[in-house]
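Undergrad: Fit chain B to the known structure of chain A by using the hints.
Protein chains in written order, with our numbering: chain A, 1 to 336; chain B, 1 to 336.
In case anyone wonders, no lab produced these hints; they're calculated from the structure.
Cβ coordinates follow ideal geometry from the N, Cα and C atoms, glycine included.
Check each hint, because a few of them may be wrong.
[Said to hold, decoys possible] Here are the computed distance ranges between Cβ atoms for each label pair:
hint, chain 1, residue 1, chain 2, residue 2, range
1, A, 235, B, 260, 35 to 43 Å
2, A, 101, B, 315, 34 to 42 Å
3, A, 43, B, 295, 31 to 39 Å
4, B, 177, A, 329, 29 to 37 Å
5, B, 224, A, 261, 44 to 52 Å
6, B, 224, A, 232, 37 to 45 Å
7, B, 260, A, 210, 36 to 44 Å
[Stated by the list, open to error] Covered stretches of chain B (in silico footprint by chain A; criterion: 3 or more residues with CB under 8 Å from a CB of chain A, positions within the stretch not fixed):
hint, stretch
8, 93-104
9, 279-289
Here is how the chains run, residue by residue.
There are 2 protein chains.
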Amino acid sequence: MQITLKDIARMADVAESTVSRALNNKPGVGEDTKLKIIKIAKKHNYRPNQLARGLAANKTNMIAVILSEMDSPGNIEIVKSLEKAAEKNGYQIILCNTNNQTEKEKSYLTLLESNQVDGAIFIGGKLVEGHLLRASFSPENNIVLVNRLAEENFFTSVLTDYSQGVYKAVGHLLDQGFENIALVGGEDYNLIEEEKSAGYKAALIDHGYQINEDLIFSIKADRKSGYNVFLEIIEGDIIPDAFISTSELTTIGLVEAIKMGGYFIPDDFAVVGYGDNILTSVIDPPLTVLSEPVDALADYSFNFLLKLINKKMKDQQIKVLTPELIIRESSISKYN
Amino acid sequence: MQITLKDIARMADVAESTVSRALNNKPGVGEDTKLKIIKIAKKHNYRPNQLARGLAANKTNMIAVILSEMDSPGNIEIVKSLEKAAEKNGYQIILCNTNNQTEKEKSYLTLLESNQVDGAIFIGGKLVEGHLLRASFSPENNIVLVNRLAEENFFTSVLTDYSQGVYKAVGHLLDQGFENIALVGGEDYNLIEEEKSAGYKAALIDHGYQINEDLIFSIKADRKSGYNVFLEIIEGDIIPDAFISTSELTTIGLVEAIKMGGYFIPDDFAVVGYGDNILTSVIDPPLTVLSEPVDALADYSFNFLLKLINKKMKDQQIKVLTPELIIRESSISKYN
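Same shape as in the complex, but just chain A (with noise of 0.2 Å):
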């Protein structure tokens, strides 16, 4: 049963414009009168303005961004660009980290079942869950998968082009003289790592390269995985003189593991890594990345979870966009 204003004006013996200014934060109410207001309703768990105002507009402004992981910065640029695009829009958002773990997704999926944001945008993650397949059953759901990939997708998406992004760096490898290119990718989502050894190979191909299944690699994305899975290459049959490594973890461990073995980039290897920001441009020499188009993932899935939020979206929607090839030192021949 919840308790209103007018429940606190009685308990608090004062008028109902009383307690509603004391709540609001408005003059005109002594200190202790508010005080005493403001510790009824507390007491009461009175639920006053935004949420209030939810509750009669079905509304409450506020979006959940939930992340898989907050160790990527590209992922933290995603969620300022969208914290930009809501403000614009009069939205608050609340950020979600589930560290990749399912259960947790499910239960901050509740704060959107529970009416206690108007929508979600999913970054990252793997693949559709029962939890959230459960969820797509209801249209009131308003959902946006943000670099999510599922083989039978339900939901309005924003997805990078990981396939095309590969082809251009492979193509630029190759035009530099670059010709064992090997593939750093990640183990946890399949359908991602397959679209990039997908592009991959079809780079290699149109550019009339034979492809060695040898010099694609599936690790973890994290730093130390990148360190160690040089130290396991240059033990290996085939060295490469390249490497794309697609995530910014990998890529920083990976260079760390170059420079510590006594090699130069791009002399002996050039590197092409992942995401244009903070991290990857502290690497020194300076890095060729794919650059996550971040201001269109968070302006394409704001605009559409705007659009499933004011019932003006009629079919599911699914914006793919291609990675920005940025061409710095790091992978410049100096034979070319």
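TA: Just chain B, lined up with the frame of chain A:
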């Protein structure tokens, strides 16, 4: 008027237990019936699960973590550590980024005031503002401040002792034979900056050195300002031989400017940075840093908040933690 399970049961023409099973995703309900029930629940803005239980128990098991900025990897580390503590204790965290805007902070505070969360931890940010003070009127508002200094602090707080940190850094640099040490601080949080320069001055005096106010710089805590302050300093009358830079982003800019100028670290300029995290760890040469006590900040603040929520804290508590000086190559004199 909140809709109940009973209402939904009547509208869907099923038993109340069926509604409960459908909404809690338990077996024994056909897909069509489930879809019908979910639709009715959403249409009438039914608040199931957690929130409903929260309303009854006056608990949501959600905590808001309100960040002043997301650009600092140190802040992200604190959040990640808080998430671990929350998980262990059956709490969920929702993150709110204020981008240092008072208005945003105020609006996120309504999450607490409207009982959508059980408590809030504020990380960083300016002095305690009116809206926070007002919230402090009510003993029911469970608030803990982290790294947020105020002249009069009514809140339970966990603080980093910046003064002691800078004191340690100065002592170390003097030990290494550096004698003209510049302090590059921020300009946003006066009390914190005063602490830093107090530590700086105390260390110089305790070691028998004179204080030169011209070597204390207050700049915006971003990369560009760190870069520009170096360009300004080398044009000045007194050229320092060492820098203590108290923000991660400033340190990155400063190091870039030193290298771009053709100078070497630590031969030409020693550098002590702030924060022991992925961003500072990528800098070459390995950077001596004041390491923020991230896990302790998270543990103390979460435990304080738990006590507040469970009404087990009698008086306001303040815990002060000292940063550790981690010495690496960037501050070791070759003449020593």
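Undergrad: Which constraints among the numbered hints does this structure fail? Numbers only, ascending.
TA: 5
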